[in-house]
Amino acid sequence: MGERTEPVIDPDDIALAVTVFDEHRRRIFGIAYRMLGTVADAEDIVQETWIRWQNADRAEVREPGAFLATVATRLSINATQSAHARRETYIGPWLPEPVNTDADPALGAERGEALQYAILLVLEKLTPTERAAYILREALDYPYERIADVIGATVASARQLVSRARRHLESARKAEVAAAEQRRLLEAFLVAAQKGDVGDLERLFAEDVVSYTDGNGFKLAARVPVAGRGRVAKFVAAFSSHFWTGKQIGWVEVNGRPAATLSEDGEVTTLVTVTAAEDGIRRLLWVMSPEKLGHVAQVGA
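Those letters in the sequence shown? Residues 1 to 301, per the UniProt record's numbering, in order.
Since the hints were made in silico from the structure, they are not lab data. Among the hints, erroneous ones may be present.
[Stated by the list, open to error] Restricting the straight-line Cα-Cα distance to at most 25 angstroms, the calculated cross-link-like pairs of lysine to any residue (SDA-like) are:
| no. | residue 1 | residue 2 |
| --- | --- | --- |
| 1 | K247 | L190 |
| 2 | K247 | V224 |
| 3 | K125 | L190 |
| 4 | K219 | G196 |
| 5 | K125 | A227 |
| 6 | K234 | L262 |
| 7 | K219 | V39 |
| 8 | K125 | R166 |
| 9 | K125 | S163 |
| 10 | K125 | R164 |
| 11 | K234 | F218 |
| 12 | K219 | F243 |
| 13 | K219 | Q248 |
| 14 | K234 | E187 |
| 15 | K219 | P93 |
| 16 | K219 | Y90 |
| 17 | K247 | T269 |
| 18 | K247 | V191 |
| 19 | K247 | H295 |
| 20 | K234 | R203 |
| 21 | K195 | W244 |
| 22 | K234 | A277 |
| 23 | K247 | E267 |
| 24 | K234 | D200 |
| 25 | K125 | E113 |
Let the sequences and hints guide you as you build the complete structure.
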């Protein structure tokens, strides 16, 4: 028997593969993040997509961007089941991890669609294939023929999935106010919250406002949502005398919208943002889970 020879690795080919992958890395991350809602899960998909790209017959790939987006989407669909299973043991409300979008407002996509909290929270209620079809259409502007190929469906089914997702999201998309108005409401909320003024808080809230705190057991985090204008106002006012003491407030753009960071000794301990409509603040969103604050940078007071 002759000696076994190892395959020859062409360094130029690997270098080209790295260059092409890096060109599409942000888009791959954007797809995975929109599907799974956390940076760690999205980065796992990026890594697995790289492995698939390394092992692919790249000479046969005519459109690397389409190939990589397809791989990332299919991997993300498969990963949603385990991601949701982990959330069943999560302590208290689960919110998508905030991502800083100051430098990349659309997070690697053609548009920033399916990135704002108002949209992501509704996407959580869709099936994985509905979610994928919507993201490919609205964020990446894919034609239905390509969406069908990615998710393994007919063109008619792809259209139906996107249409169904749009119906679910219609109220969230229509309700959202412009970013400038959201910031105004959030600034007014921070002033009223620090004063503990129940009346001022109530005037900022929609009647059916809900406050969600994502803390995963963090000692200061509320473990159940608080709903209703009066209840949420009293809830926020109740901790006004101590919660804000010693905290510096900064501003950052997360998920395409303004948010406030609360920092102690230079470390971000809380992020607060809102979703709002013409009738006021509809959702008050607090992120206090330390593992979800690592990718949020304070950019100014």
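Here is what the structure says about each hint:
1. K247 with L190: With a Cα-Cα distance of about 12 angstroms, the restraint between K247 and L190 holds, given a limit of 25 angstroms.
2. K247 with V224: Holds, because 24 angstroms separates the two Cα atoms, which is no more than 25 angstroms.
3. K125 with L190: 30 angstroms, violated
4. K219 with G196: With a Cα-Cα distance of about 21 angstroms, the restraint between K219 and G196 holds, given a limit of 25 angstroms.
5. K125 with A227: Distance of about 19 angstroms is within 25 angstroms: holds.
6. K234 with L262: Answer holds: K234 to L262 is near 21 angstroms, not above 25 angstroms.
7. K219 with V39: 23 angstroms, holds
8. K125 with R166: 12 angstroms, holds
9. K125 with S163: 15 angstroms, holds
10. K125 with R164: 12 angstroms, holds
11. K234 with F218: 21 angstroms, holds
12. K219 with F243: 12 angstroms, holds
13. K219 with Q248: Given pair K219, Q248 holds - Cα atoms ~20 angstroms apart, limit 25 angstroms.
14. K234 with E187: 18 angstroms, holds
15. K219 with P93: 14 angstroms, holds
16. K219 with Y90: Holds. K219 to Y90 sits at ~14 angstroms (cutoff 25 angstroms).
17. K247 with T269: 9 angstroms, holds
18. K247 with V191: 13 angstroms, holds
19. K247 with H295: Holds. K247 to H295 sits at ~19 angstroms (cutoff 25 angstroms).
20. K234 with R203: At roughly 13 angstroms apart (the allowed maximum being 25 angstroms), R203 and K234 satisfy the hint.
21. K195 with W244: 10 angstroms, holds
22. K234 with A277: 21 angstroms, holds
23. K247 with E267: 10 angstroms, holds
24. K234 with D200: Within the cut-off at roughly 11 angstroms; holds.
25. K125 with E113: 17 angstroms, holds
Figure legend: structure checked against the earlier numbered hints; the only hint not met is number 3.
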